[in-house]
Amino acid sequence: MDPQRKRYYWIGAILLTLWLAVWLTATLVWNRLDADRLIIRQIWSSETGWSLGDAQPWRFLYEFGTIPAFALTFISLLAWYRSLQSPKWIRFRRYFLLYSLTSIVGAGLIVNALLKEYTGRPRPREVAEFGGNWEYRAALELGIPGQGQSFPCGHCTMGFIFASGVMFWNYSPPVAIGSLALGLGYGTLMSTARLLQGAHYVSDAFWSLGVMGATFICFYFFVLQPPLSDSVLVRKISNRTKWRLRIGITACLILITVLYSTRRPFFKEHQRIVSLPLEAQHIELVTNVPAENWAVEFTNIDHLIMDLQANGFAFPASQHDLDVGTELSSEGIMQILVNSKTVGYFPELHEGVTLKVPVRFQHRLSLTPLPP
1 MDPQRKRYYW IGAILLTLWL AVWLTATLVW NRLDADRLII RQIWSSETGW
51 SLGDAQPWRF LYEFGTIPAF ALTFISLLAW YRSLQSPKWI RFRRYFLLYS
101 LTSIVGAGLI VNALLKEYTG RPRPREVAEF GGNWEYRAAL ELGIPGQGQS
151 FPCGHCTMGF IFASGVMFWN YSPPVAIGSL ALGLGYGTLM STARLLQGAH
201 YVSDAFWSLG VMGATFICFY FFVLQPPLSD SVLVRKISNR TKWRLRIGIT
251 ACLILITVLY STRRPFFKEH QRIVSLPLEA QHIELVTNVP AENWAVEFTN
301 IDHLIMDLQA NGFAFPASQH DLDVGTELSS EGIMQILVNS KTVGYFPELH
351 EGVTLKVPVR FQHRLSLTPL PP
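Read left to right, the sequence shown gives residues 1 to 372 (our numbering).
None of these hints come from the bench; they were simulated from the model. There may be inaccurate statements among the hints.
Here are the simulated DSSO-like pairs of lysine-lysine, each with C-alpha atoms no more than 30 angstroms apart in a straight line [unchecked claim]:
{"hint": "1", "residue 1": "Lys88", "residue 2": "Lys6"}
{"hint": "2", "residue 1": "Lys356", "residue 2": "Lys268"}
{"hint": "3", "residue 1": "Lys268", "residue 2": "Lys341"}
{"hint": "4", "residue 1": "Lys356", "residue 2": "Lys341"}
DEER-style ranges, computed between Cβ atoms [what the hints assert, rightly or not]:
{"hint": "5", "residue 1": "Ala291", "residue 2": "Glu327", "range": "19 to 25 angstroms"}
{"hint": "6", "residue 1": "Asn133", "residue 2": "Asn170", "range": "27 to 33 angstroms"}
{"hint": "7", "residue 1": "Gln85", "residue 2": "Ile254", "range": "23 to 29 angstroms"}
{"hint": "8", "residue 1": "Lys356", "residue 2": "Ile75", "range": "53 to 59 angstroms"}
{"hint": "9", "residue 1": "Arg246", "residue 2": "Thr342", "range": "18 to 24 angstroms"}
{"hint": "10", "residue 1": "Glu63", "residue 2": "Phe298", "range": "43 to 49 angstroms"}
{"hint": "11", "residue 1": "Ile75", "residue 2": "Thr188", "range": "21 to 27 angstroms"}
For glycine and all other residues, C-beta sits at the position ideal for the given N, C-alpha and C.
I would like the entire structure built from these sequences, with the hints used as guidance.
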């Protein structure tokens, strides 16, 4: 192995180990202090909710703050393609590719397509303590895939990505330092916006930086090693090779899109409260949800509470809804129609219903399948 490449591997391994060790240790201490909730308690108000996040510039950052990073990623890809045949820019080709890959793989795939979808951490506004319905989960505590997309912060990655300009240290230390400051500053602004909007915790933003940094280290030291391309000469690329590159990249993008779209975690929760008149003597549930998916609790209440959780995998933009209708017969039979409806494509879907019923109906409850 080339001694220079071997040196890069060793430096990369040491940096990556230290980087992850710092992030894991800091997270353990942070969770021990329950710092995420302590900070959110200072932001959220039981009277005004998350009103701070609707003010400017936080709303603007949420709606438009990711555009600069997306634009620079696109420009970097074009610059990389053109630099392959340009004597003036050939030495920068791996730098252009490094930024693009850090953005696409780090922010796009690892953070948004994998971690956010599969870690199942509810956002602050979805937690019961802060006006939601779900249980709080600490950073790195795995939950139900699709039940919350708090960890890590996707918007934050689009700010921290600018810190990758530190790779130009060999050419211009001021540019590298300025880029690092810009990335950390812009990432912090994006993080603040998402905190004020109840969308993320501090640890979510912290791990956005952690993932982007780890991705950058891996590509810089193990894959691309940009400084080693400084003396590379331009090589003419044949038309056949160009088409192969285009077809290969397009095929990969289509494959990733299909896999991501059809295996996207889905979670939806519905709660319905049904009033029960004194004339009701019997409850008949007519539903398309299988009987084995119902859990019934008899308790000291005077109404019926129905909680349905639907989880599985769904194509983007797919929807799940629950229609509930009632009708009281002259014989005192309270018929409750429960119709679970889906719109879109669900490769896999599970529905579970928790039903709380007044004690007086303990032996006067029946379930009838809804006709197709």
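Results for each hint:
1. Lys88 x Lys6: holds (28 angstroms)
2. Lys356 x Lys268: holds (19 angstroms)
3. Lys268 x Lys341: holds (12 angstroms)
4. Lys356 x Lys341: holds (22 angstroms)
5. Ala291 x Glu327: 19 to 25 angstroms: holds (21 angstroms)
6. Asn133 x Asn170: 27 to 33 angstroms: Taking Cβ atoms as reference, Asn133 and Asn170 lie about 52 angstroms apart, which means the hint is violated.
7. Gln85 x Ile254: 23 to 29 angstroms: holds (26 angstroms)
8. Lys356 x Ile75: 53 to 59 angstroms: holds (56 angstroms)
9. Arg246 x Thr342: 18 to 24 angstroms: violated (38 angstroms)
10. Glu63 x Phe298: 43 to 49 angstroms: holds (48 angstroms)
11. Ile75 x Thr188: 21 to 27 angstroms: holds (24 angstroms)
Checked against the numbered hints given earlier, the structure breaks hints 6, 9 and satisfies all the rest.
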